Amino acid sequence: MSEDYILETQGLVKEFKGFIAVAGVSLKVRRGHIHALIGPNGAGKTTCFNLLTKFLEPTKGTIRYKGVDITREAPAQIARRGIVRSFQISAVFPHLTVLENVRIALQRKLGNSFHFWRSHDTLTQLDPRAGELLAEVGLESYAKMVAVELPYGRKRALEIATTLALEPELMLLDEPTQGMGHEDVDRVMQLIKKVSANRTILMVEHNMKVVAGISDTITVLARGSVLAEGAYAEVSAHPKVIEAYMGTEHVD
Amino acid sequence: MSGQRLSYLVLLALALALPFFVYPVLVMKVLCFALFACAFNLLLGYTGLLSFGHATFFGTAGYVAGHALKVWGLPTELGLLVGTGAALALGWLIGSLAIRRQGIYFAMITLALAQMMYFFFLQASFTGGEDGLQGVPRGTLLGVIDLADDLHLYYFVLAVFVFGFWLIYRTIHSPFGQILKAIRENEARAISLGYDVARYKLLVFVLSAGLAGLAGATKMLVFKFATLSDAHWHLSGEVVLMTLLGGMGTVFGPVVGSSVIVTLQNELADKVGSLVTVIMGSIFIVCVLLFRRGIVGEIAALYKRALGERA
Numbered sequence: 001m002s003e004d005y006i007l008e009t010q011g012l013v014k015e016f017k018g019f020i021a022v023a024g025v026s027l028k029v030r031r032g033h034i035h036a037l038i039g040p041n042g043a044g045k046t047t048c049f050n051l052l053t054k055f056l057e058p059t060k061g062t063i064r065y066k067g068v069d070i071t072r073e074a075p076a077q078i079a080r081r082g083i084v085r086s087f088q089i090s091a092v093f094p095h096l097t098v099l100e101n102v103r104i105a106l107q108r109k110l111g112n113s114f115h116f117w118r119s120h121d122t123l124t125q126l127d128p129r130a131g132e133l134l135a136e137v138g139l140e141s142y143a144k145m146v147a148v149e150l151p152y153g154r155k156r157a158l159e160i161a162t163t164l165a166l167e168p169e170l171m172l173l174d175e176p177t178q179g180m181g182h183e184d185v186d187r188v189m190q191l192i193k194k195v196s197a198n199r200t201i202l203m204v205e206h207n208m209k210v211v212a213g214i215s216d217t218i219t220v221l222a223r224g225s226v227l228a229e230g231a232y233a234e235v236s237a238h239p240k241v242i243e244a245y246m247g248t249e250h251v252d
Numbered sequence: 001m002s003g004q005r006l007s008y009l010v011l012l013a014l015a016l017a018l019p020f021f022v023y024p025v026l027v028m029k030v031l032c033f034a035l036f037a038c039a040f041n042l043l044l045g046y047t048g049l050l051s052f053g054h055a056t057f058f059g060t061a062g063y064v065a066g067h068a069l070k071v072w073g074l075p076t077e078l079g080l081l082v083g084t085g086a087a088l089a090l091g092w093l094i095g096s097l098a099i100r101r102q103g104i105y106f107a108m109i110t111l112a113l114a115q116m117m118y119f120f121f122l123q124a125s126f127t128g129g130e131d132g133l134q135g136v137p138r139g140t141l142l143g144v145i146d147l148a149d150d151l152h153l154y155y156f157v158l159a160v161f162v163f164g165f166w167l168i169y170r171t172i173h174s175p176f177g178q179i180l181k182a183i184r185e186n187e188a189r190a191i192s193l194g195y196d197v198a199r200y201k202l203l204v205f206v207l208s209a210g211l212a213g214l215a216g217a218t219k220m221l222v223f224k225f226a227t228l229s230d231a232h233w234h235l236s237g238e239v240v241l242m243t244l245l246g247g248m249g250t251v252f253g254p255v256v257g258s259s260v261i262v263t264l265q266n267e268l269a270d271k272v273g274s275l276v277t278v279i280m281g282s283i284f285i286v287c288v289l290l291f292r293r294g295i296v297g298e299i300a301a302l303y304k305r306a307l308g309e310r311a
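The listed protein sequences correspond, in order, to chains Y and S. Counted from 1, the first sequence has number 116 at position 116 by this note's numbering; the numbering is strictly sequential. Counted from 1, the second sequence has number 291 at position 291 by this note's numbering; the numbering is strictly sequential.
For reference, chain Y alone in the conformation it holds in the complex (with noise of 0.2 Å):
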């Protein structure tokens, strides 16, 4: 069974000083899927996908990432076992030129990031490999810019560029199109669409057109649990969460 799913959490909580923001979510997520976790403000969303990034520490309950208990392990260690998580503000290296920036995530692998003595001439090596990660988001052409100065959709880009360069098995995206006009949320859309061949993708996301767009599986939170599980149409159709989520917002 575990062959199927990559993670899996099994009852898990997290309090707050007497406040539980999530209550018991065990959640599956399919290898290879595009899974997409929604719900409405407060559902505890960005907690739990916190406590899948290890950013939190979960109060009780276990995570499973490809059969390993990972609960307990830190934040930079999960990224090295290949999950990649993005963040809800676009996480970029502002003052880094754009090529540098793909090429912190290349660099690890070097082994010589404790190499004080050596010149970082020694990271040009990495240049071809940033270009093309560059090239699959569509920005080839910003290499040399600094990354502050990239429009907003870009930098989104540019994030996802630098989370490739890790070659994930499992990424993570938080909110990946908030704040982003028409037709930012179409390239990225598209650009999510594209790098989930080969691997799993689980999202937080409000845009229902994302959601309905790309999604295979949805898992609907409410008050910290999970109300409802499935493909967009079977979700969209249960009235618990017509109720408690898409009552006051239509969706085509």
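Keep in mind that the hints were calculated from the coordinates and are not lab data. Since we're looking at a predicted model, the values are computed, not measured. There's no promise every hint is true.
What the hints assert, rightly or not - Ranges of calculated distance between the beta carbons of each label pair, as one might list FRET restraints:
# : chain 1 : residue 1 : chain 2 : residue 2 : range
1 : S       : W92       : Y       : E136      : 39 to 47 Å
2 : S       : R292      : Y       : G42       : 36 to 44 Å
3 : Y       : G18       : S       : T277      : 21 to 29 Å
In this text, a Cβ means the ideal position worked out from N, Cα and C, and glycines have one as well.
Based on the hints, put chain S in the right spot on chain Y.
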């Protein structure tokens, strides 16, 4: 790149000629503080860590090196190394405690631990308390060159500075330096890319402490005594001022900043007395209000803008 190399050579030539025009002891003092500020900048400017107790490494190395030279009678080079080693060890100890916290908490922990060291130096018997550790012999270099001569000592101090500056330059422009910048820019992202940021922070903290110690031990050698004021929080604050005034996160900023501050203090000390601190405070305010990037930072920004307009 070759233009850059040329300007470094010109600066080196200037530094070699300087003691014939300016009082060498003043220039040596500037060099020691410049190295101290550069080491501090490695933390603040390139890793984004504000240590508010950096004088403790400067002062500790001075005391330990002074003790090693005066009481143990070690050769000069070895004495300086022992002092630097003490700063490295203290850096490891304070660093591993402080990096567990971020931002203001990090600054507060470094300040608190530095204050503990200060009161230790005030009470300990080997430091001479308020009087300081006086009469430290400068000794000879490799047993041949007499360092009691200011001009001889000057070239030795310049060599120490160039070595320290080179090491910092190397660190900034190394694979390790890239990760430091990534941590400065976005720590959470660096973690999510699989970097154990605590280990990087600790290494850079120890490096910075060691170089600050090298600067402190060398300054002790120049003045032939180690003093409490070198481990005082005033100096921890001053090094922040030097770095900000010159331009944090620039290679040369701290050198410029410390030159300005040390020269001003030297010029003003016998003219305005205790008003010096007021003047320093005003400079700090002006710097924060009018040119936040610091002297070198603003010049670099102007230069970049000029280039941009031409292109």
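Okay, the hints, checked on the actual structure:
1. S/W92 <-> Y/E136: 39 to 47 Å: holds (42 Å)
2. S/R292 <-> Y/G42: 36 to 44 Å: Distance hint for S/R292, Y/G42 holds at roughly 38 Å.
3. Y/G18 <-> S/T277: 21 to 29 Å: violated (49 Å)
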